[in-house]
Amino acid sequence: MNLIDRKKTKETAVVTPSTLLESERAHRSGWSRGWGRFKRYKPAIVGLVFLGILAVLAIIPGPFAPYDPTLATPDLLGAPPSWSHPLGYDEIGRDVLSRIVYGTRVALIVALLATAMAVTIGVLVGATAGYFGGWVDSVLSRLVDTIMAFPTIALLIALVAVVGPSLKTTIVVIGATVWASYARVARGDVLSLRERDYVLAARAVGANHLRIIVRHIVPNIAGPIIVLSTLAVGSIIILEAALSFLGLGVQPPTPDWGTMLASSRAYIQSYPHIAIAPGVMISLTVLAFNLIGDGLRDALDPRGRD
Amino acid sequence: MLRYVIRRLLQGFIVVFLISIATFGILHLTPGDPVLILIGETGRTQLTPEQIQQVRHYWGLDRPLYEQYFTWLGHMAEGNFGESVIQVGTPVRTIIWRAAPVTFKLNAMALILAIGISIPAGIFAGIKQYSIFDYLSNVGATLGVSVPSFWIALMAIIIFAAKLGWIPPYGVDSWKGYIAPVLVLSLEQMAIITRLMRSTTIETLGQDYVRTARAKGVAETHVLSRHVVRNSLLPVITVIGYRIAFLLSGTIIIETVFAVPGIGQLFVNSVYHLDYQVVQAVVFVLSVLVVLANLATDLVYAYIDPRIRLT
Chain A
1 MNLIDRKKTK ETAVVTPSTL LESERAHRSG WSRGWGRFKR YKPAIVGLVF
51 LGILAVLAII PGPFAPYDPT LATPDLLGAP PSWSHPLGYD EIGRDVLSRI
101 VYGTRVALIV ALLATAMAVT IGVLVGATAG YFGGWVDSVL SRLVDTIMAF
151 PTIALLIALV AVVGPSLKTT IVVIGATVWA SYARVARGDV LSLRERDYVL
201 AARAVGANHL RIIVRHIVPN IAGPIIVLST LAVGSIIILE AALSFLGLGV
251 QPPTPDWGTM LASSRAYIQS YPHIAIAPGV MISLTVLAFN LIGDGLRDAL
301 DPRGRD
Chain B
1 MLRYVIRRLL QGFIVVFLIS IATFGILHLT PGDPVLILIG ETGRTQLTPE
51 QIQQVRHYWG LDRPLYEQYF TWLGHMAEGN FGESVIQVGT PVRTIIWRAA
101 PVTFKLNAMA LILAIGISIP AGIFAGIKQY SIFDYLSNVG ATLGVSVPSF
151 WIALMAIIIF AAKLGWIPPY GVDSWKGYIA PVLVLSLEQM AIITRLMRST
201 TIETLGQDYV RTARAKGVAE THVLSRHVVR NSLLPVITVI GYRIAFLLSG
251 TIIIETVFAV PGIGQLFVNS VYHLDYQVVQ AVVFVLSVLV VLANLATDLV
301 YAYIDPRIRL T
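Chains as they are written, first to last, in the working numbering: chain A, 1 to 306; chain B, 1 to 311.
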């Protein structure tokens, strides 16, 4: 008990002015308390800073890329790193560093849009299944089971093979495939909320299903869903890179980390340096999202800690 | 128990049925004429309309959709899978059976390795929470889920095959060829199972029955082996069953990188060569395998833990 009190006073001493009344402190929102807990997990802050850098590179790559990412110098193909080209040249003589910088944009666009799509579909389907139960739940749950039975990569590849690879296809196909696991989580969360008193109360005063789901259910599963989405971004970046690595994702000459790895493969004996930087960038980006996700879990989703 | 088994079997059956529709639909229900997908870019420019019509007839694409579906489903149920589009005359079944043993060996070894390392590591990290070992296994697990496996595979080829020459850069002609694919394939599973094993161990350690056992004066080794490990293993068993889908997902890429002549490489090559008969068959077989693995896991779990059957 004593320990908890001490923690509390220490926390408030840092973030609130001394004039704040006890009653006001009690009104500090869950989000603000969550931020306090998030800040304490240092790796998540490191992840956040790295993500900030990536965001800047993605929005304005120009000033940070020393050269044109598509300009090829045929005389210098596969040239190793040097002072003017810190990561060297790729297999057709383009500056690797510039391509890495421009690749940030593609990675973040695909990851964020596909995640947004997957989480939106997943939460809507899962919340509907969990809220209504009965046959609605049975139908939607079998649908989710079916999609989850496919090895993700196999399903993605098969879909891309039919639709034809492009940046847009990559986003849509990933979003349309990976939502199922988020639906399963959302369903479980909603199932446990459905019988809560405030839901009964809302129903008693005549709120319709849509209003109950949107105003009462979804805000209460927001914490776990945010955590889930953050961790989802990481795994979606890997999926996108895997697709591009197989030549079925983002198409050349668009600078993309997975595509860079794909084209480095044939030259791995002669120019191994081309294969290093894209992999490091993918790993660091995924790591950043995973660390932020872990921090958010500590902050927002008390039951999911491991 | 019987009611649970029947319900679970029925669910599995429905899912397999839905999988068959989805797999069939990938080629037939997506916008565009399936025959144009079958003949590919070159066919579209070189074949005359009559020839295209012949192709359409040969593959039965001129018949009603439901008829095509039931014919296809009949083939799948017989394990026949039809005929390859590219290697004309070769049954898809032969192609798949030729590739299956390698994939089975690779995945079985990877799973055994992952379980063999991650379960003891996870238990130890959980028991010695906040120790150096716990910290290191945590860092390892975080990296394991963040670093893409195909990049680790590339780095392994650069370092151990190209520079040091310890392993062949591709193929599985000797046992040495298996080392890198098995290791890389098991890494992600290892990371996930270690994390889960650690957290269930920590959770079990906080249970009342563990405190009771300790209070009774039961020896700590006995508490750990009889109470903690046994109970923490339960949820991990289910997860291992569900990891099969992810393992098979990984094998597709790893086999491609290391040129392992298994189902995964066959699948990717069939996609490149637009051999849709093989693509459909592989997707169908892999997902039915996943359903069976999940079903088996659930039944084993229900058998071990009576609490599951009641829900």
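Honestly, the hints are just simulated from the structure, not real lab data.
Some hints here could point you the wrong way.
No more than 27 Å apart at the CA atoms, straight line, and that leaves these computed lysine-lysine pairs for DSS-like [stated by the list, open to error]:
#, chain 1, residue 1, chain 2, residue 2
1, B, 105, B, 176
2, B, 128, A, 42
3, B, 163, A, 39
4, B, 163, B, 176
5, B, 216, B, 128
Hint check results:
1. 105(B) <-> 176(B): Holds, because 14 Å separates the two Cα atoms, which is no more than 27 Å.
2. 128(B) <-> 42(A): Distance of about 22 Å is within 27 Å: holds.
3. 163(B) <-> 39(A): 44 Å, violated
4. 163(B) <-> 176(B): 16 Å, holds
5. 216(B) <-> 128(B): 22 Å, holds
The structure fails hint 3 only (numbered hints given earlier).
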